[in-house]
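S.K.: Sequence:
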Amino acid sequence: MKNNSYRPHFIVPGSSSTRLASSSAAPSSSSIAPTSIGAPAIAAQMATNVDISDSKLWPDFVTKAFIDIMVDEVTKGNMPNDVFHKRTWTSMTTKLSSMTNRSFKIVQLKAKMHRLRAMYREFYSLLQNIGFGWNTETNTVTASEEVWRNYLKVHDKASQFQKKGCDHYKLLDMIFNKNNATGVLHHSSTQDPPNTDEENELDN
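In the UniProt record's numbering, the protein residues as written are 1 to 204.
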């Protein structure tokens, strides 16, 4: 029977094979044209990676389930001073894991809540500006191209609402209206909320 196992091939120093290998070596760094990636391109790629990662961990049905759980806790009065206490976070994490048949950690729910809060605030601010309308049935924002152009010069993150409004806005309003973020994951309106990778690095 033929043996197809790998056999290393050794080259005798000074042989023609050695000379051939030397002549075909990689070109020096001076002969390679430098490449550069601009900051906007890097930022765009990072944003894309975050979106992909978030969509894998938080598909629509999981996000909706989490929002429903938060609304239920708010309705029960379990968000005193606009903050969920650790016992409530533990309960919500257990419920979401059970409902979706997925394993979640408290820190992941906290980070997702703050991304939802950031989206809610961005959309809320947009609707306060003259020239913008919102069709609740189709969840689309109505505004002229000029209104959009002028607004995006100052609020570039609002571009996410050009084709589609804020999902579950009315439910989010029940949670975040007049709500002030506190705690380890508090972020200002000018600072991005933690992405999915950062969720895995944060402690409870």
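Do not take every clue at face value.
Derived CB-CB ranges, DEER-like [as the list claims (entries may be wrong)]:
#	residue 1	residue 2	range
1	Q160	D82	34 to 44 Å
2	S98	M174	35 to 45 Å
3	R102	N139	38 to 48 Å
4	R87	A65	17 to 27 Å
Calculated cross-link-like contacts (lysine-lysine; reagent style DSS-like; alpha-carbon spacing at most 25 Å) [as the list claims (entries may be wrong)]:
#	residue 1	residue 2
5	K76	K86
6	K157	K64
7	K56	K164
8	K76	K164
9	K178	K164
10	K170	K64
11	K164	K153
12	K164	K64
13	K86	K64
14	K153	K163
15	K153	K64
16	K95	K56
17	K153	K105
18	K76	K64
19	K56	K153
20	K157	K95
21	K76	K105
22	K86	K105
23	K178	K64
Calculated directly from the structure, the hints in this document are not laboratory data.
Here the structure is a predicted model, which means the values were calculated and not measured.
Glycine included, every Cβ here is placed at the ideal spot set by N, Cα and C.
S.K.: Hints first: check each against the structure and report whether it holds.
M.R.: Going down the list of hints, with the structure as the test:
no. : hint                    : result
1   : Q160 - D82: 34 to 44 Å  : 25 Å, violated
2   : S98 - M174: 35 to 45 Å  : 23 Å, violated
3   : R102 - N139: 38 to 48 Å : 26 Å, violated
4   : R87 - A65: 17 to 27 Å   : 20 Å, holds
5   : K76 - K86               : 16 Å, holds
6   : K157 - K64              : 22 Å, holds
7   : K56 - K164              : 20 Å, holds
8   : K76 - K164              : 31 Å, violated
9   : K178 - K164             : 24 Å, holds
10  : K170 - K64              : 12 Å, holds
11  : K164 - K153             : 19 Å, holds
12  : K164 - K64              : 17 Å, holds
13  : K86 - K64               : 21 Å, holds
14  : K153 - K163             : 17 Å, holds
15  : K153 - K64              : 31 Å, violated
16  : K95 - K56               : 19 Å, holds
17  : K153 - K105             : 37 Å, violated
18  : K76 - K64               : 18 Å, holds
19  : K56 - K153              : 31 Å, violated
20  : K157 - K95              : 32 Å, violated
21  : K76 - K105              : 22 Å, holds
22  : K86 - K105              : 12 Å, holds
23  : K178 - K64              : 21 Å, holds
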